[in-house]
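Assembling the complex is the task here: the two chains are given apart, and the hints tell you how they should meet.
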Amino acid sequence: MSRQLYGYLRTESFPTPFCSGCGHGTLMAALIRAINSLSWDMSEMLFVSGIGCAGWIPSPHYAADTLHTTHGRPIAFATGAKLFNPRLKVVVIGGDGDIASIGGNHLIHAARRNIDLTVICANNMIYGMTGGQVAATTPPGAITATTEAGNPDRAFDLCRLVEAAGATYVARSTVYHVVHLVKILKNALQHRGFAFVEVLSSCPTHYGRRNGAASPTDMLNLYKGLCVGLDSASRDSATVQGKILIGEFVRGDRA
Amino acid sequence: MGWSTVRAPLSPGRHLWQGDEACAEGAIAAGCRFYAGYPITPASEIMQWMAHRFHEMGEGIFIQMEDEIASVASVIGASWAGAKAMTATSGPGFTLMLENIGYAIMTETPCVVVDVQRAGPSTGQATRPASGDVMEARWGAHGDFEIIALSPWSAQEMFDLTVRAFNLAERFRVPVFVLADEAVGHMRENVVTPAEIQVYERERSAGLAPFGSEADDGVPPMPAFGQGERLLVTGSTHDPWGYRKVSDSAVQDRLTRRLVQKIRAHQGEIIAAEPYMADEELDVLVVAYGFTARSARHAVKLARQAGIRAGLLRLITFFPFAEEAVLRHGEKARNILIPEMNQGQVVREVQRAMAGNANRVHLYAQTNGEVICPLRILSEIKRLVET
Ligand code: SF4
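Protein chains in written order, with the working numbering: chain D, 1 to 255; chain R, 1 to 387.
In isolation and in its complexed conformation, chain R is listed as follows (with noise of 0.2 Å):
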């Protein structure tokens, strides 16, 4: 319980995978011993690789279910039987999981969900890249919670950050997102692996309230179906056993508050941007995620080249929001350009971090199913320097 080194599944050393295989890999080194998925472009090839790993290994429970709500459902179910428990999807299956991540938000029951974005709205164009589901995966169940969710900018970081993204759902027992987009799914580079994998696994003590703790940001200990605790889950408000308390005020403003308090008062454990070039004065300081931030970094590189004080923040967490890196390398800044593949989304958490400086925030908008090429960002920096 809690962390621990484990030997990696794999010999350390060097392997050329698509960012897709390279998530898959970096779920069965974090201990995922069960996936359920419904197939979607672009993230099938995730489904495929751990179908594929866990015939070979021999051990791992796979199941392609009938839909994406089933898919979510069964990681749940698994979940709670004890498994590290993941499934991936693109933005059509990612919507009609929702219901079922505020289940398990409510539930409290750790799994990770990948989402490779795609562009849309609705079917849109499915091998196409965007960043269009980052505020529904803030904001998309309903109620009241906080969520995490991580930004893979490559395929060394869709085996990295998916090992995190366990580690965080199991240390939070929550639905951690790794939302990452279609140009870093299918991108094919080399990954490096390691020998030892950190890992987290949740405490299962039993005899303890599972849904309740003493400290308002506490996270319980989760034991599984079958160890003989009769637990009590359900996704209605319930009291620190489970039972159901549907009209009791106090229970359900508790429960909220801890859901909620339980991630942000550990968001320094969560919290991951990296700056470059970005620990001066600057001209512009791009904040960037996902593939974008590629790009962007390139586009730093030649702005400098050309004089400009430019500098990247590079945000490898989209929630809980780095509000404090953002500011901190923010307000060095004479101006903070956010390129996004979508009409803006991340660029309303950087004004809001920039509160009484947001007329220095600036979005660049592409979404044309087209990534970001370094020099319409080049070409933005130089804008903005000359304005």
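Here chain D stands alone, though its shape is the one from the complex (with noise of 0.2 Å):
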């Protein structure tokens, strides 16, 4: 990262613990460089975020007021906090099991609700932290830790379960898009409402070590391959089989 934006961090709380080639440490600066480019002042930012390797991605590195919540529930937190103090601007980040699994009742409550946070969702397809069990998130066949013949259920798309609960910004990106993630960040800050990003983000140690895609350039070159942006494709389109679709799928006005 650049050191112009090092007074976003604390860097005394580096190196990140993150592991090398994961892909949160590139989520972590890209949304650095998206709040930099609105030049909002971060002492007006609340960062809230749950338990899982996402959710040091915001505490302690950024220099803000960062709210580290129980397994789960970091949206339901940062209602109480937008809610009593709109000022805040409020971003909630996580990972797939933290906002999509056990806090997934908390996750279309607030879509439902259209209430005004940023809630960027992780996801790295399985639990990280934990060693590498299967998620809500991890593709049907998968091998983890806890499906050594292959997942046998399929997994969410985390877009359209938001959309459907009523979300007015829903998008995806991935890390290695890092500049179109970073437009996308950006406009979900600056989205009123309840605006959500899933970020597929690399866990090279547990996902791509039983995957086929062990190094970091491997989870990388996956999403490259897999990844279809949604302004060459449409939703439904057979050309999509099989791939996973990046771009703004929602971007409505405050209801």
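Hints are computed from structural coordinates only; laboratory data are not their basis.
Listed next, the stretches of chain R that the computed footprint assigns to chain D, with coverage defined by at least 3 CB atoms under 8 Å from CB atoms of chain D:
{"no.": "1", "stretch": "53-66"}
{"no.": "2", "stretch": "72-84"}
{"no.": "3", "stretch": "98-104"}
{"no.": "4", "stretch": "228-234"}
Don't be surprised by glycine CBs; every beta carbon is placed ideally from N, CA and C.
Laid out in structure tokens, this is it:
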């Protein structure tokens, strides 16, 4: 990360605890770039996270108010803080287990309320911190610590889920598509209402190693090969079968 | 910051309130301006009254959350944004809240959690009173900690003790429990409200460590989000500035000891117990709390009329436990009777307080979902005198 962005960070907390090749460092920097491009003051921002590797993206690294909560509940904590002090710009960052599995109920209800939060879900398709167990976002057939013969279940399409629940901004990007990611994060931050961004973030340590993408570059190449931009394919077309769509799915006004 | 006297939101006078409504009014009088909750019998009236009054007042944030986990989570979030905040529930919801209550303990977040107890376990009997959650309140969250829990016996105390719960929460930066029961929550009686209320506001000084103190029993200042302090708040073990220290045994030891000591070392400020005809040598001392204490007081009166030297020690606080008062009055009594709407929870604390004389301590357990009638307590008193 370039030195000009160090003011946004508690540099004394570096190095980060992430494994080498983890996507979360890229996401951490991309969000700071988005905030910097908006010239937002970190002292007016609150970052709320839960338990899991992604919960460490803001806490303790971001030089802002940070609330590192219990597993699955950051959106509910953020709701209270935002309602009582609407001047706070509140961003929730968490992993897929945190935001969409144990915390799935809070996710859909916050989307339904269209409360003015930006929720960023770093989806690595696995439970990283606890050693690589299957997640609600693990693709069918994938090998994990608890599915030796392949995941028998289907994965959530988080963007469709949150869209159906009423979110007024819904987008997906990846840590491979960094320029795209920064643009999406910037739009999400500026959105008034509930904004949800799913960011595919690599976990070479636990997902890649078991699923033919052991090196960090293998994982990024996986995203590169798997992702199709929404502008080049319609959401329901045959070309996106087996692919992952990235882009802005919902960009509405605050209801 | 600290203590001050504020004008009560309502003009002073008498109000015919249900216990649950009095609790909501007490919260508002204490300065509560954030309420989050989820419907549950017999506590829903607290939530409805908060929603109604905030609407009427044109201030205060009310939100009905998707479950009790989210309710207490948003209360904690609001507290860090600077609010005096509360939620209320009953047994099943209280159990769901416990993980985040532990988070509030660890992050030293002031808030008030009301549990209007009903008969359990599980769904049990939603409209029937019980006192089965006392030890759950004490030990329910995981880990090692001390808590504050209050025990109202009337609609008046639903008001008074809710004010007190907020003051204690702000003073010690802890979640405080108001452990009522269905009978007290749903009973309707006169409540007298004062013109002025004594309130405590948390210390918000900037620039000081928000999670540490020189003193082993200190309560650090708590600035709010948005105040420019760039706070680091975490439920992981943390140093005085909030940095995670997840394998430093000295930090873990110092933090958990202070979390306990900041309450234990100040328990004289917290503990309240009220004796009734209990200042002399007694045949039977009844130790009671909540609705049951009303029956116990009547039973003591009837026993006196029958020539028995009976007295009552009413517990107004559950925790920290009133060991000293129990011992002082218990030492002068040949028998100690604890009537409870459970099969023996507070009785264990009394036995512990009586140490060498635990054989004087007797439980009367009634767990049928009905309040304990004074005549039942009277016959227990008589039985103890006769044996
Ligand atoms: S376990 Fe996976 S998600 Fe966690 S830090 Fe390592 S690579 Fe990143």
